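Please arrange chain B on chain A, whose structure you already have, making use of the hints.
2 protein chains.
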Amino acid sequence: MPSAITSRKTQEKPREIMDAAEDYAKERYGVSSMIQSQEKPDRVLVRVSDLTVQKADEVVWVRARVHTSRAKGKQCFLVLRQQQFNVQALVAVGDHASKQMVKFAANINKESIIDVEGVVRKVNQKIGSCTQQDVELHVQKIYVISLAEPRLPLQLDDAIRPEVEGEEEGRATVNQDTRLDNRVIDLRTSTSQAVFRLQSGICHLFRETLINKGFVEIQTPKIISAASEGGANVFTVSYFKNNAYLAQSPQLYKQMCICADFEKVFCIGPVFRAEDSNTHRHLTEFVGLDIEMAFNYHYHEVVEEIADTLVQIFKGLQERFQTEIQTVNKQFPCEPFKFLEPTLRLEYCEALAMLREAGIEMGDEEDLSTPNEKLLGRLVKEKYDTDFYILDKYPLAVRPFYTMPDPRNPKQSNSYDMFMRGEEILSGAQRIHDPQLLTDRALHHGIDLEKIKAYIDSFRFGAPPHAGGGIGNIPLR
Amino acid sequence: MPSAITSRKTQEKPREIMDAAEDYAKERYGVSSMIQSQEKPDRVLVRVSDLTVQKADEVVWVRARVHTSRAKGKQCFLVLRQQQFNVQALVAVGDHASKQMVKFAANINKESIIDVEGVVRKVNQKIGSCTQQDVELHVQKIYVISLAEPRLPLQLDDAIRPEVEGEEEGRATVNQDTRLDNRVIDLRTSTSQAVFRLQSGICHLFRETLINKGFVEIQTPKIISAASEGGANVFTVSYFKNNAYLAQSPQLYKQMCICADFEKVFCIGPVFRAEDSNTHRHLTEFVGLDIEMAFNYHYHEVVEEIADTLVQIFKGLQERFQTEIQTVNKQFPCEPFKFLEPTLRLEYCEALAMLREAGIEMGDEEDLSTPNEKLLGRLVKEKYDTDFYILDKYPLAVRPFYTMPDPRNPKQSNSYDMFMRGEEILSGAQRIHDPQLLTDRALHHGIDLEKIKAYIDSFRFGAPPHAGGGIGNIPLR
Chain A
108 MPSAITSRKT QEKPREIMDA AEDYAKERYG VSSMIQSQEK PDRVLVRVSD LTVQKADEVV
168 WVRARVHTSR AKGKQCFLVL RQQQFNVQAL VAVGDHASKQ MVKFAANINK ESIIDVEGVV
228 RKVNQKIGSC TQQDVELHVQ KIYVISLAEP RLPLQLDDAI RPEVEGEEEG RATVNQDTRL
288 DNRVIDLRTS TSQAVFRLQS GICHLFRETL INKGFVEIQT PKIISAASEG GANVFTVSYF
348 KNNAYLAQSP QLYKQMCICA DFEKVFCIGP VFRAEDSNTH RHLTEFVGLD IEMAFNYHYH
408 EVVEEIADTL VQIFKGLQER FQTEIQTVNK QFPCEPFKFL EPTLRLEYCE ALAMLREAGI
468 EMGDEEDLST PNEKLLGRLV KEKYDTDFYI LDKYPLAVRP FYTMPDPRNP KQSNSYDMFM
528 RGEEILSGAQ RIHDPQLLTD RALHHGIDLE KIKAYIDSFR FGAPPHAGGG IGNIPLR
Chain B
108 MPSAITSRKT QEKPREIMDA AEDYAKERYG VSSMIQSQEK PDRVLVRVSD LTVQKADEVV
168 WVRARVHTSR AKGKQCFLVL RQQQFNVQAL VAVGDHASKQ MVKFAANINK ESIIDVEGVV
228 RKVNQKIGSC TQQDVELHVQ KIYVISLAEP RLPLQLDDAI RPEVEGEEEG RATVNQDTRL
288 DNRVIDLRTS TSQAVFRLQS GICHLFRETL INKGFVEIQT PKIISAASEG GANVFTVSYF
348 KNNAYLAQSP QLYKQMCICA DFEKVFCIGP VFRAEDSNTH RHLTEFVGLD IEMAFNYHYH
408 EVVEEIADTL VQIFKGLQER FQTEIQTVNK QFPCEPFKFL EPTLRLEYCE ALAMLREAGI
468 EMGDEEDLST PNEKLLGRLV KEKYDTDFYI LDKYPLAVRP FYTMPDPRNP KQSNSYDMFM
528 RGEEILSGAQ RIHDPQLLTD RALHHGIDLE KIKAYIDSFR FGAPPHAGGG IGNIPLR
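These protein sequence lines map, in sequence, to chains A and B.
For the first sequence, this note's numbering begins at 108 and goes up steadily by one.
For the second sequence, this note's numbering begins at 108 and goes up steadily by one.
In case anyone wonders, no lab produced these hints; they're calculated from the structure.
Treat the hints with caution; some may be incorrect.
No distinction is drawn between identical chains; accordingly, a pair holds when it is met within one copy or between any pair of copies.
[To be verified] No farther apart than 16 Å at their CA atoms in a straight line, the calculated lysine to aspartate or glutamate pairs in the EDC-like style are these:
no.	residue 1	residue 2
1	K348	E382
2	K518	D474
3	K481	D149
4	K348	D383
5	K560	D288
6	K481	D202
7	K488	E426
8	K147	E411
9	K558	D288
10	K147	E408
11	K500	E411
12	K133	D202
13	K500	E408
14	K500	E146
15	K481	D265
Keep in mind it's a predicted model, so treat the numbers as computed, not measured.
For reference, chain A alone in the conformation it holds in the complex (with noise of 0.2 Å):
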């Protein structure tokens, strides 16, 4: 029996099929009426994934997206596409199906939402196009819930398309702008649908872990009064009458609740510089993954957590989203990721010892320039077989003014970066904990006290030795 969602819109068919005469399916399909929650149906709606052979000769309820159709003769063969997951259907003319109707389908443009009733069936031979290959669904009834407008910006097929088979065979690609420009299109290729499960599964197993060991997820604010990191690079809001601030990083705030004894926090959230410069280093906005935990004797003790945490991430990712690692990998192919346990950790010499072999000239308290952390870590590769690596004892005139001083060696420090495939992910140090010694090297770096006033003040009434990091968050230098 019909429902009164899917009968009630027959007077919305095209008027040329309307006035067709004996149309005997004409209750079978035709545009429902928008949805605006006028009843409750008692009807089940399959997902494309859960049809199988399972499910062979089985009538079912399916909403999807027309992904494709075509007609041929008295058939149309449409694909219809779930998110990732897609199916083929036919609607047929036969005791369900009247030619109007194929036509109909045939008709519905590309991306539009419908509901359809069809019988699962098993097919001989395996449908190399879609992600059930081994059914098909016979139509019966079908209903446009939303429909497309007829002409597409991209095509999704050509937007996971890898740029070089796109190239070779002379076919279509998606340049950035057009992808940017039709952005809600462009997210429903399997690739990005695939990526934005994998961003969601960083971010949980992220917090998973770190919840797991004790840390307290904190917020911090966004909107503050000084640019309390140095002005540069810093975005100025109109606060009602005053001007303020958006924070370059929660550094100073994961750091003042460790004085407030939290001992281990972590947060999530976006971070804001005002750097112009068209690079993926350089985000106005990005979102970043940020530790901070007091230690006992050695910030080795945090550098192990954090080091842990990524490796359980890696793992996690490995483990349960091994569909949508496969996904990206056929449109972005690249060598599975390897990583060591525990975790390769050198110090900032040997890394200049393996550059300076390598034919690089650099100083003893030069920063790494992009071009040599990519060598190096192509060097590391070939030495230790490991896309990843923690770098250990950077120079300390190339760190931050909070940075705790190597006690061994004034011109080193106590500070990290965490390095996947020869990019810095994450940078990271012992923070100095002393207010004395923090006014010292604020004063060096020439910071205006006033402006970190209470930060300092945070360390006066006792505050452990702790060390941290962040993921995604270019050290301000």
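Just chain B, lined up with the frame of chain A:
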């Protein structure tokens, strides 16, 4: 054997003590040098919360803050605090401690962080003022790790005293300005420690529940190019040579993710409102918890998912955070929170009837004022014995432009708020997923279509019916 880290700094003791002859305990106390990760001693620090009779007669090392100290003849009693736990420690002249050592201990400023070696001793009479009531620590060594300044701007014991009790007994409490000016100390109280853990727990339970339900976590942009939800209450940012704005909610972005096939999304992040009012309902920056979800036929599918998510948070807090709830209750007494399963859902017209019966005069299309919200909360509690309920079917006139009208009654809408103890904590609705109706409603609200073009366009290529809600998200009207 004292390790290097503890024995090094006897020269830092006050001169008077150094001058005293024959201090047989002089290696057993002092101010440690700043921990700069000089070494990795092989020492286990025991948590204060683990100091129980099971450890009786063991020698342990503990790092904690000096919460209070009280010298009494040849003895000094310290209360050592670690987060929300504390234990009594005793330094008494004897084999391990000299007169000078007891004096040293008695003179350590409150809130200083110390390392203590001591024997755990069972006590005959419970120590009512400490969380560890059955043991005390007999101190053998004591070293200051981080010295607090002598004058504390507020006393922790004052800061956790219930206002009423303070007033009645003429004892000190701490006013809000002092708390905010010394936030790092105020956050050390057992109440603040509990509140922050509850906040962290709420976010964790929210995410855990939604990820189990198949939701994807998203991050939405905060710096945006146009004041997309109406020009009022928006902060302007200087963005290089142009102006940009701070997002007033993730509303448009989470809906666009639904149009991009994510089906179920959530996000937790900062929300910015330029509201120049001093109420606890009008903050310029707060953390919003947002949900958006495609549904099949009726927005109540989404209402049920959201209500269940809140119920899972209530239950999770009661199960996993009982200690924290009780801690907060000591300072802020309140009745246990009551809720029903399934959640009570009232229609707006029913609420109007209840209010009118209680003598309130209100028009059918009038919004609830804050006093009426609170009164309604009391009436619902009396009648249904619940602190949590849903109010459904708000007048269309008081809701944002993207709210789906009720097809049965054009003055009503498919929208809802959720209430806890008589205050709105969530606002949500079925959203308009049809670009033409959305355009009409935006024009009706006087919204500049050019500013929301990308948003409206996102519904042009097939959009599923969807609904959602925001917690901590007062609707923009």
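Against the structure, the hints come out as follows:
In this assembly of identical chains, the alpha carbons of K348 and E382 lie at most 16 Å apart only when taken from different copies (13 Å versus 26 Å within one copy). Taking identical chains as interchangeable, the C-alpha atoms of K518 and D474 lie at most 16 Å apart only when both belong to the same chain, with a minimum of 13 Å there against 65 Å between chains. For a Cα distance limit of 16 Å, the shortest separation of K481 from D149 qualifies neither inside one copy, at 58 Å, nor across copies, at 37 Å. Only between protomers do K348 and D383 lie at most 16 Å apart by alpha-carbon distance; the minimum there is 11 Å, versus 27 Å within a single protomer.
In this homomeric assembly, K560 and D288 come within 16 Å of each other (Cα to Cα) only across copies, at 11 Å, whereas the closest approach inside a single copy is 45 Å. Taking the closest pair of Cα atoms, K481 and D202 never come within 16 Å of each other, the shortest separation being 65 Å inside a single copy and 61 Å across copies. Proximity of K488 to E426 under the C-alpha cut-off of 16 Å is found in neither arrangement, the shortest distances being 23 Å within a copy and 47 Å between copies. In the homo-oligomer, the alpha carbons of K147 and E411 lie at most 16 Å apart only across protomers (13 Å), although the nearest pairing inside one protomer, at 54 Å, exceeds that limit.
For a Cα distance limit of 16 Å, the shortest separation of K558 from D288 across copies, 15 Å, qualifies, whereas the shortest one inside one copy, 41 Å, does not. For the homomeric pair K147 and E408, the shortest alpha-carbon distance between copies (9 Å) is at most 16 Å, but the shortest distance inside one copy (57 Å) is not. Taking the shortest alpha-carbon separations for K500 and E411, only the intra-copy value of 15 Å comes in at or below 16 Å, while the best inter-copy value is 53 Å. Taking CA atoms no more than 16 Å apart as the test, K133 paired with D202 passes inside one copy only; the shortest distance there is 12 Å, against 101 Å between copies.
In this assembly of identical chains, K500 and E408 lie within 16 Å of each other by CA distance solely inside one copy; the values are 15 Å within and 55 Å between copies. In this homomeric assembly, K500 and E146 come within 16 Å of each other (Cα to Cα) only across copies, at 15 Å, whereas the closest approach inside a single copy is 66 Å. Within a single copy, K481 and D265 get their C-alpha atoms no closer than 31 Å, and across copies no closer than 56 Å, so neither meets the 16 Å cut-off.
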